[in-house]
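Chain B: place on chain A using the hints.
Residue numbers (our numbering), protein chains in the order written: chain A, 3 to 293; chain B, 3 to 293.
Just to be clear, a hint being listed does not mean it is correct.
Unchecked claim - Calculated cross-link-like contacts (lysine-lysine; reagent style DSBU-like; alpha-carbon spacing at most 35 Å):
| hint | chain 1 | residue 1 | chain 2 | residue 2 |
| --- | --- | --- | --- | --- |
| 1 | A | K277 | B | K129 |
| 2 | B | K118 | A | K129 |
| 3 | B | K94 | B | K129 |
| 4 | B | K118 | A | K94 |
| 5 | B | K30 | A | K129 |
| 6 | B | K94 | B | K30 |
| 7 | A | K118 | A | K129 |
| 8 | B | K277 | A | K94 |
| 9 | B | K277 | A | K30 |
| 10 | B | K277 | B | K94 |
| 11 | B | K95 | B | K118 |
| 12 | B | K277 | A | K31 |
| 13 | A | K31 | A | K118 |
| 14 | B | K31 | A | K95 |
| 15 | A | K30 | A | K95 |
| 16 | B | K277 | A | K118 |
| 17 | A | K129 | A | K95 |
| 18 | B | K31 | B | K95 |
| 19 | B | K118 | B | K94 |
| 20 | B | K277 | B | K95 |
| 21 | B | K30 | A | K277 |
| 22 | A | K277 | A | K31 |
| 23 | A | K118 | A | K94 |
| 24 | A | K95 | A | K31 |
| 25 | A | K31 | A | K94 |
| 26 | B | K31 | B | K94 |
| 27 | B | K118 | B | K30 |
| 28 | B | K129 | B | K95 |
| 29 | A | K94 | A | K277 |
| 30 | A | K277 | A | K95 |
| 31 | B | K31 | A | K129 |
| 32 | B | K118 | B | K31 |
| 33 | A | K94 | A | K129 |
| 34 | A | K118 | A | K95 |
| 35 | A | K31 | B | K94 |
| 36 | B | K277 | B | K118 |
Stated by the list, open to error - Computed from the model, here is a short list of chain A residues facing chain B with C-beta under 7 Å:
| hint | residue |
| --- | --- |
| 37 | I190 |
| 38 | T250 |
| 39 | Q276 |
| 40 | V280 |
Simulated from the structure, these hints should not be mistaken for lab results. Only a predicted model underlies this, so the values are computations on that prediction, with no experimental measurement involved. By construction, the Cβ of each residue, glycine as well, lies at the ideal position given by its N, Cα and C atoms.
Protein chains: 2
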Amino acid sequence: MSIQLQAITQQFHGQTVLDNLNLTIEPKKIYGLLGRNGAGKSTLLNIISNRLFPTSGTATLDGETLHDNDQTLGQLYLMSEVNMYNDHSRLKKLIDSTALFYGDFDRAYATQLAAKFGLNLTQRFGKLSTGYRTIFKLIIALCVPADYIFLDEPVLGLDANHRELFYQELIDSYTNRPRTFVISTHLIEEIANLIEHVFILDQHQIIVNGSVSDILDRAYMITGPDADVTAYTSGLNIIGQDHLGGITANYVYGALEDNRPIPDTVTVERLDLQKLFVNLTNAKEAAAHVN
Amino acid sequence: MSIQLQAITQQFHGQTVLDNLNLTIEPKKIYGLLGRNGAGKSTLLNIISNRLFPTSGTATLDGETLHDNDQTLGQLYLMSEVNMYNDHSRLKKLIDSTALFYGDFDRAYATQLAAKFGLNLTQRFGKLSTGYRTIFKLIIALCVPADYIFLDEPVLGLDANHRELFYQELIDSYTNRPRTFVISTHLIEEIANLIEHVFILDQHQIIVNGSVSDILDRAYMITGPDADVTAYTSGLNIIGQDHLGGITANYVYGALEDNRPIPDTVTVERLDLQKLFVNLTNAKEAAAHVN
Numbered sequence: 003m004s005i006q007l008q009a010i011t012q013q014f015h016g017q018t019v020l021d022n023l024n025l026t027i028e029p030k031k032i033y034g035l036l037g038r039n040g041a042g043k044s045t046l047l048n049i050i051s052n053r054l055f056p057t058s059g060t061a062t063l064d065g066e067t068l069h070d071n072d073q074t075l076g077q078l079y080l081m082s083e084v085n086m087y088n089d090h091s092r093l094k095k096l097i098d099s100t101a102l103f104y105g106d107f108d109r110a111y112a113t114q115l116a117a118k119f120g121l122n123l124t125q126r127f128g129k130l131s132t133g134y135r136t137i138f139k140l141i142i143a144l145c146v147p148a149d150y151i152f153l154d155e156p157v158l159g160l161d162a163n164h165r166e167l168f169y170q171e172l173i174d175s176y177t178n179r180p181r182t183f184v185i186s187t188h189l190i191e192e193i194a195n196l197i198e199h200v201f202i203l204d205q206h207q208i209i210v211n212g213s214v215s216d217i218l219d220r221a222y223m224i225t226g227p228d229a230d231v232t233a234y235t236s237g238l239n240i241i242g243q244d245h246l247g248g249i250t251a252n253y254v255y256g257a258l259e260d261n262r263p264i265p266d267t268v269t270v271e272r273l274d275l276q277k278l279f280v281n282l283t284n285a286k287e288a289a290a291h292v293n
Numbered sequence: 003m004s005i006q007l008q009a010i011t012q013q014f015h016g017q018t019v020l021d022n023l024n025l026t027i028e029p030k031k032i033y034g035l036l037g038r039n040g041a042g043k044s045t046l047l048n049i050i051s052n053r054l055f056p057t058s059g060t061a062t063l064d065g066e067t068l069h070d071n072d073q074t075l076g077q078l079y080l081m082s083e084v085n086m087y088n089d090h091s092r093l094k095k096l097i098d099s100t101a102l103f104y105g106d107f108d109r110a111y112a113t114q115l116a117a118k119f120g121l122n123l124t125q126r127f128g129k130l131s132t133g134y135r136t137i138f139k140l141i142i143a144l145c146v147p148a149d150y151i152f153l154d155e156p157v158l159g160l161d162a163n164h165r166e167l168f169y170q171e172l173i174d175s176y177t178n179r180p181r182t183f184v185i186s187t188h189l190i191e192e193i194a195n196l197i198e199h200v201f202i203l204d205q206h207q208i209i210v211n212g213s214v215s216d217i218l219d220r221a222y223m224i225t226g227p228d229a230d231v232t233a234y235t236s237g238l239n240i241i242g243q244d245h246l247g248g249i250t251a252n253y254v255y256g257a258l259e260d261n262r263p264i265p266d267t268v269t270v271e272r273l274d275l276q277k278l279f280v281n282l283t284n285a286k287e288a289a290a291h292v293n
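With the rest of the complex left out, here is chain A (with noise of 0.2 Å):
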């Protein structure tokens, strides 16, 4: 039982955005897909949801082929920045016809939705901000009887307390219906509590692909006078380094060795997933981007 992606690759124009890529989504777990800009998380997450045919390589849910597939079709669900909506249309208008299409769709829960975030459903789409409108494609995901969500940059536009109380109702509304999540954001530290699994999508490939907690067990920053730290992380997978004045931060990648003792000049702390994120992915896209 899960999402599974086979050698999927994915040309436009003759370049490559996806190359040859292997995942799998498990049914009733909350999972982040971070990348940079560009990096290719919106093509993934259309071809995931059925919206976009691979170049090559299969998707299957359940081992059903996903693509022209109509059983398949009502168990996903893809919010993304694409409005998919008539601006003409009010608000209680489209939750109707969502209604229509998802036969479960939870409306009791969709009018509390609004009222917390203060949204007016006889407002037309159009009429909305930025904000609102992510407000209303989130309170659609969150309703709709599908057991695979996919969440697409889900608070663009959104201040504070407005992200603080979606990732409030995502835990309340995965714990009442357990199924799955995929988030895809920017605003890493934020999520970084929420999700249990993550895959990092970077030069057309996934280059991380495990639990959150495995991860953050094997990221590091080791900081300390220059020397110091030069000779306590060689041999060690670094990944990135800053400097202020006679100091060091190394950030490390991967097991230390546990038999070589730590200087005393020397701190050892763990990195935040943002920071291994931001790393990670910050010399090849340096290298790519450079004009």
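Below, chain B without anything else, positioned relative to chain A:
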């Protein structure tokens, strides 16, 4: 030497956006301007930067009225979400015309920043993604010779790597040439360590105006069993509350009572700026937005 706003009121179509607002912006300081969506932050920045003439009240720079004053104009720069650039213009040309207007525009730094952000200056503005439009506007803002720079949503559409690079460049640029920055953003925690002074705009007024360290010295999260927390925080300025099982977290803004013993079951921690902001602005906004 400062910008002074006195009794500023702004109304649009009979609605009050800013109500009798006073504030001072000093030279060579980095400020945060925080507020919920729709609180009037952009309106305030437009008034301060002389793009909007208020309904009533006065805005002065070093004692000179801002409005219709060519002398003050070159000392103020607003980077906003509004696109002022022609889509067909190449970025190099746009830099040329900015440099023509601002004599001391730092071209060398602009070129250097473009390389760091991976921005090709031979492109046309209209071809840029949301993130790169922001980056181009940030580059201009960091290179104009103005003494007061206002940044309205400076990280819109930027991924975590580019946000980190921007914060670093802001500090470096400020160190090389101290001047005032006023930053308005929803990513509060990310700028908490950058800013010296914070304004919180809520209900058409400035409700918090002070140094970040002073403010955070008065912001607490008090956690423990419901009854113990309620007893310990009784009479204090409780700005918000969370519950989980039998545990309560009360958020307090203001002095704790020194002579009240802290029960063993109760933990007192500091609030971060984002959490403080959310709690200070939540209740009133919720009331205001209810349908």
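Verification of the supplied hints:
Pair hint A:K277 plus B:K129 holds up; C-alpha atoms about 30 Å apart against a cutoff of 35 Å. Proximity of B:K118 to A:K129 is assessed by CA-CA distance (about 38 Å); at most 35 Å being required, the pair is judged violated. Of the supplied pair hints, the one linking B:K94 and B:K129 holds, its CA atoms being roughly 14 Å apart against a limit of 35 Å. Between the alpha carbons of B:K118 and A:K94 the distance comes to roughly 47 Å, so the proposed pair goes past 35 Å and is violated.
Our distance criterion of 35 Å between C-alpha atoms is broken by B:K30 and A:K129, whose separation comes to about 40 Å. Distance check on the hinted pair: B:K94 and B:K30 sit about 29 Å apart at the alpha-carbon level, within 35 Å; holds. A C-alpha spacing of about 19 Å is found between A:K118 and A:K129, which places the hinted pair at or below 35 Å, so the restraint holds. For the given pair, B:K277 sits about 33 Å from A:K94 by alpha-carbon distance, which is consistent with the 35 Å threshold.
With a CA separation close to 29 Å, the supplied pair B:K277 and A:K30 stays within the 35 Å bound. A threshold of 35 Å between alpha carbons decides the hint, and for B:K277 with B:K94 the separation of about 42 Å lies outside it, so the pair is violated. For a cut-off of 35 Å, the pair hint linking B:K95 to B:K118 stands: about 20 Å separates their Cα positions. The straight-line distance between the Cα atoms of B:K277 and A:K31 is roughly 27 Å, inside the 35 Å bound, and the hint therefore holds.
Restraint check for A:K31 and A:K118: satisfied, since their Cα atoms lie roughly 25 Å apart, inside the 35 Å limit. In summary, the hint linking B:K31 to A:K95 is not supported, as the alpha carbons are separated by about 50 Å, beyond the 35 Å threshold. Between A:K30 and A:K95 the CA atoms are separated by roughly 30 Å; this keeps the pair inside 35 Å, and the hint holds. Restraint check for B:K277 and A:K118: the C-alpha separation of about 18 Å stays at or below 35 Å, so the hint holds.
With a CA separation close to 15 Å, the supplied pair A:K129 and A:K95 stays within the 35 Å bound. In summary, the hint linking B:K31 to B:K95 is supported, as the alpha carbons are separated by about 31 Å, within the 35 Å threshold. Between B:K118 and B:K94, the direct Cα distance comes to roughly 16 Å. Compliance with the 35 Å bound is thereby established for this hinted pair. Between B:K277 and B:K95 the alpha-carbon distance is near 43 Å, which puts this suggested pair outside the 35 Å criterion.
Between B:K30 and A:K277 the alpha-carbon distance is near 29 Å, which keeps this suggested pair within the 35 Å criterion. Restraint check: the Cα-Cα separation between A:K277 and A:K31 comes to about 24 Å, which is no more than 35 Å; the hinted pair holds. In summary, the hint linking A:K118 to A:K94 is supported, as the alpha carbons are separated by about 16 Å, within the 35 Å threshold. Distance hint between A:K95 and A:K31 is fulfilled; the C-alpha atoms sit about 31 Å from each other, no more than 35 Å.
Only pairs whose Cα atoms come within 35 Å are accepted, and A:K31 paired with A:K94 is accepted, the gap being roughly 30 Å. In summary, the hint linking B:K31 to B:K94 is supported, as the alpha carbons are separated by about 30 Å, within the 35 Å threshold. This hinted pair checks out: B:K118 and B:K30 have alpha carbons roughly 25 Å apart, not beyond 35 Å. Taken as a hint, the B:K129 and B:K95 pair is honoured in the structure, with Cα atoms around 15 Å apart against an allowance of 35 Å.
For the hint linking A:K94 to A:K277, the alpha-carbon distance of about 41 Å lies beyond 35 Å, and the restraint is violated. About 43 Å separates the Cα atoms of A:K277 and A:K95, which puts this hinted pair outside 35 Å; it is violated. A distance of roughly 38 Å separates the Cα atoms of B:K31 and A:K129; the hinted pair therefore is violated under the 35 Å criterion. In summary, the hint linking B:K118 to B:K31 is supported, as the alpha carbons are separated by about 25 Å, within the 35 Å threshold.
Only pairs whose Cα atoms come within 35 Å are accepted, and A:K94 paired with A:K129 is accepted, the gap being roughly 14 Å. Proposed proximity of A:K118 and A:K95 is supported: the alpha carbons are some 20 Å apart, at most 35 Å. Taking the CA atoms of A:K31 and B:K94, the gap is near 48 Å; set against the 35 Å cutoff, the hint is violated. Proposed proximity of B:K277 and B:K118 is supported: the alpha carbons are some 33 Å apart, at most 35 Å.
At its closest, the beta carbon of A:I190 sits 6 Å from a beta carbon of chain B; the interface hint therefore holds under the 7 Å criterion. About 16 Å separates the beta-carbon of A:T250 from the nearest beta-carbon of chain B, more than 7 Å, and the hint is not met. Taking 7 Å as the C-beta contact cut-off toward chain B, the hint placing A:Q276 at the interface holds, the least distance being around 5 Å. Checking A:V280 against chain B by beta carbon gives a least distance of about 5 Å; that is within 7 Å, so the hint holds.
Hint compliance for this structure: hints 2, 4, 5, 10, 14, 20, 29, 30, 31, 35, 38 are not met, and every other hint is.
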